[in-house]
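When you get a sec, could you build the whole thing from the sequences and use the hints?
Note that numbering that gives the first Met the number 0 has the sequence shown beginning at 0, numbered continuously upward.
Calculated from the structure, these hints are not laboratory results. It is possible that some hints are incorrect.
Distance condition first, Cα-Cα at most 20 Å in a straight line; then the derived EDC-like pairs of lysine to aspartate or glutamate [what the hints assert, rightly or not]: (1) Lys827 to Glu982; (2) Lys971 to Asp906; (3) Lys827 to Glu991; (4) Lys827 to Asp906; (5) Lys428 to Asp496; (6) Lys320 to Glu274; (7) Lys193 to Glu183; (8) Lys294 to Asp348; (9) Lys192 to Asp308; (10) Lys294 to Glu274; (11) Lys192 to Glu305; (12) Lys876 to Asp939; (13) Lys294 to Asp374; (14) Lys193 to Glu281; (15) Lys369 to Asp348; (16) Lys428 to Glu442; (17) Lys827 to Asp902; (18) Lys193 to Glu331; (19) Lys320 to Glu331; (20) Lys325 to Asp268; (21) Lys827 to Glu992; (22) Lys193 to Asp308; (23) Lys594 to Asp678; (24) Lys971 to Glu982; (25) Lys176 to Asp162; (26) Lys193 to Asp335; (27) Lys971 to Glu960; (28) Lys594 to Asp643; (29) Lys428 to Glu446; (30) Lys971 to Asp902; (31) Lys594 to Glu739; (32) Lys876 to Asp932.
Only a predicted model underlies this, so the values are computations on that prediction, with no experimental measurement involved.
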Amino acid sequence: MAAEDPAPRPKEPPCILLAVARGIARVNDHAAIDLSDLMLAIRHTVDGTSANASARLPAMVLASARRDWTLAMAMAMLSAMSVYVNPLSAEAASYLVKLGLRVENLDNLLEETFRDQFRVEYARMLAASVGLTKDAASTDPVKELPPLTRAQVMDAAKRVRSDLERAFLDPRELVPKIAAALMETPALRSAPKKPWATFFFVGPTATGKSFAAGIIAQALARASELPSSTPSEASAGPQDVWASTTFDLSAYTSFNQSFGLVGLTQGYDDARPGELTQWIREHPRSVIILDHLDKAHPNTQNVLLELFDTGFLTDRYGFYKNNDLKQERIAEPAVDARQCIFIFTASIDGELARNAGFFERYARQPGQGKDTLLDYLRKRRSTSYSSDSMPVYDPGLLSALGSSNLLLFAPLGEAELRTLARQGLGTLKSTYAATVGIRLHWEANTELLVEASLLAHGADLDARKVTARALRDLWLPELDTYALRQDFALLAGQSLDIRFTPGTLEKLEPIKERLGIPVQPQPDGPDLVQCLRRRNRTVVFERTLDTQASPWTLTLHDPQVAVPQRAEDFTGGGALVVEVPSVRFGDVQGHVVVKQRLQQIVHLLKEPRQLEQWAVASPSGMVLHGPPGTGKTLLAKALAGEADLPFLAANGVDLLDPRFTQSLYERARHYAPALVFLDEIDVLGNRQQTAYTAAINALLSALDGFGGGSSPVFTVAATNYLERLDPALLRPGRLGLHVEVPMLDREARRGFITRYQALPGGQSLDVEALLDATTGLSGAALESVRNEAAYALLREGRAEVDTAFMREIITTERFGPRSSRALSAADKRLTALHEAGHAEVSRALFPQRRIEQVSIVPRQHMLGFTVFDREDDGFVKHTRARVLDELAVMLAGRAAQQQLGGDDGADPDSGASNDIEHATHLALRAAAQWALDPNLPPIDYTQFAANERWREDPAVRRVAEALLSEAQAHAKRAVTTYRQPIEAMAERLQREEVVSGLDMPLGAGSMHASEQEQATSSQDNTRRL
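In structure tokens:
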């Protein structure tokens, strides 16, 4: 059984502490000082009941006292008394005397603090009248403590275990390990060479490391009245008391700062004993918490290694009366730390800190887990100490700590956080009652207040967010502001009820319905807090404080879902914004087949257990590939929205930096399960290009490390060129699923065209005609057409839109604005013949193919164009005859121009360059990929050479040239055969300039009996400038 609590110390009236705190606030001219927090710190510091009390004191109070917190608090109280002069000042000073507090060098402290000599004299007089000062004789050597008995050790260990088990919701394995380490102390041996116990607490931030260290210190302080063998020992005074202190090692980041701990060598101007060695000399039996070891310079860490070799620590200055080398030495420079307990804390971050699998394996196999953890700590490097990267830990000290009591602190679960929140609320209630005198009540709403406290922090929820201080800042800021302005006499005895407005749960119904879970936590069901944390959401309540009611009331009402703003979401690392998209599949127009495939993936992401039952791994990534502007990004957002996954987006250019890739996936792990979207991933190229090797390897490592486990990250990559990606990225287990996103089909475009009807006059638009005119346009282009139409209405002063107006804007979007250059009559006729040749030969060879538009209006770099609509066809089966027909249509423009243009058209010009480019590309593919020539073996030549050098293969070029020669003759024959309709169309174009496909009857025949199939997108033949 744990030892019983000692008799409580005398309790001071809250009004005294409030008076003292107000005085501190005034003397420091700091109106924003936190009174209730300061009063709690005053009590804990003076009573010695909190190892972390110093952290709660305002920095300005402690500035001149370094790490002697007792001295600093005495100075602060005297400061308060000197300005807040009333009977309470003397009462407060008397209270200090009752607690045994004394101050040395009072004159120096007061003169450093006050410029007003009256205040100095008043404070000195008041302190002397109540016996608050002590003389310098207290610098006598500290007597050596008798060794601890086994009964004392056992009692202390039991006390620590009992307090830790009460404080921690889940004792886990660390509580018995801590108690066992205390009972197995070397201090029981005849000549120990190590401290009583050394602990190394390691874990992510806010996992309870410092909290556990503070509990140990408090437990030993409560067990201070140890049984003694003689009356003299029982009256030995403070030496028998377990003292405690905390050193923040993040203040020792440079090479030479270790002197702050172990003293500065004699001869330097500021030479003095070290704070750590001085503390150990004066408190040889104490708990010393060395916080943030990972922030200290390795040289500072190295000076502590002596503790593990001898149990002593040598001060480099030494100990002299009044710290004056000319006076007598009062103690040996080596201080005895064998009855001290040292607790080192360090944080781990990055991928390991967020890898739930690591903590699970550590719990199952602690031996291997410890080796893994030490290896991680050994390899950590930092540039914080110098421009060059160097190890974070001193190898010798890390080895010693690894052989001590190394304990891993795992992140707290939501059940633990709820219990901590209940404890925090209880502490908050007792604190207000003891310091300000206000009684808080919320019994009827305790669980709802606990739940609201967790909902208020979303993904940032951790143990620090549910402490009494954090909960006070969350729910009671108005009360502190009000208390600061009131007379303390009016506060004592007041009651404050914290309540929720009726129907608060009902107001959270939209959240419940959206997530499909109950608002109140269920034992076996999904949890609202967890869902909101995953989605980077919080619930914010409005607060109303009524101090006119009796009792006072604080009403929480109107809960709203909010997205917390985090600095790292908007700065650095690609300025990533993490949120669950509001887009759903229903918001994506068209792409029915693609959405069906993605819906299957959503099901797998939501129900991975079905695959686990069959021992099949869940998919870890996919590639959406297809032409530009087909909606791949929108589909990825809809996938994340349907799966309720946080969405992190990055561009392929960002991935060229391996450090960005690592940071991106570490962020994703923080929000996991999550979806990472990588746009334009083809920028990475492949590892045959050595410049991209490091970037691709970093992505491969991220994909391998983040696919499964309890915190999966699903990756969606988008590319216009699937064939350019490194094969290793596309393997199963990485980006193994490939989904093609084709050009928008007619129904997909209809959703965009329907939006045009919202424009003035839009109800009269011919939707079907505009659907014909927009074949091949992406969603972005269609949206741009709508915007441009609105701009044009304002620019031109038009009242409304019509079909012709919208068609012109669509043509401008596709081919650019009209050119200001006017064509001569001869150029206009040649251009009309050129485009008429494309149109009429196509109608003859491909009668099923619709001609969308023929135009001879000059635009940017083209004099005219012919656009074909191939949308309604299925898959294309390429034959040699089909290819020759296609090539003939491409070359028919120049053939018509030369054969029917007279002397002006006889001489070839560059206007057919676009036609020739497309014809050459098609002929090369027919030869190299499709093996459509009987003289070529069935070989895909594109597989033999990188960077398209297969185009230079002599065999491929010979076949391509032969196809083009034959197609040219074919085109000339077609022009001769269809001369009359070509010339008729040319005359019409010269008159009207633009002829739409709706005005042209379909062709009636074909010169070749080619297959009647179509391509999947529109194609245009243009005559260039």
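Exercise for the section: Could you grab the alpha-carbon distance between lysine 294 and aspartate 374 and see if it respects the 20 Å cut-off? Expected result: Holds. Lysine 294 to aspartate 374 sits at ~18 Å (cutoff 20 Å).
Exercise for the section: Decide if the proposed pair is consistent with the structure: lysine 827 and glutamate 991, CA atoms, cutoff 20 Å inclusive. Expected result: It holds: about 12 Å lies between the C-alpha atoms, which stays within 20 Å.
Handout entry: Given hint aspartate 939 paired with lysine 876 - CA-CA distance at most 20 Å
Key = holds, 17 Å
Practice task
Given the hint that lysine 971 pairs with aspartate 902, test it: the Cα-Cα distance must not exceed 20 Å.
Solution key: holds, 17 Å
Practice task
Starting from lysine 827, check that the Cα of aspartate 902 is at most 20 Å away, please.
Solution key: holds, 15 Å
Problem - Hint consistency between lysine 320 and glutamate 331 [alpha-carbon to alpha-carbon, up to 20 Å] - result: holds, 12 Å
Practice task
For the pair supplied as a hint, lysine 192 and glutamate 305, confirm whether the alpha-carbon distance does not exceed 20 Å.
Solution key: Satisfied, since the Cα-Cα distance of roughly 10 Å is no more than 20 Å.
Problem - Pair hint outcome, lysine 827 versus glutamate 982 [Cα-Cα no greater than 20 Å] - result: Within the cut-off at roughly 13 Å; holds.
Exercise for the section: Below or equal to 20 Å on CA atoms is what counts here, so check lysine 428 against glutamate 442. Expected result: The hint holds at about 11 Å.
Problem - Proposed proximity, aspartate 906 with lysine 971 (alpha carbon, max 20 Å) - result: The given pair, whose Cα atoms are some 15 Å apart, holds under the 20 Å limit.
Handout entry: lysine 176 paired with aspartate 162 [C-alpha distance capped at 20 Å]
Key = holds, 14 Å
Problem - Restraint check for lysine 369 with aspartate 348, where alpha carbons must lie at most 20 Å apart - result: holds, 16 Å
In this structure, every one of the numbered hints holds.
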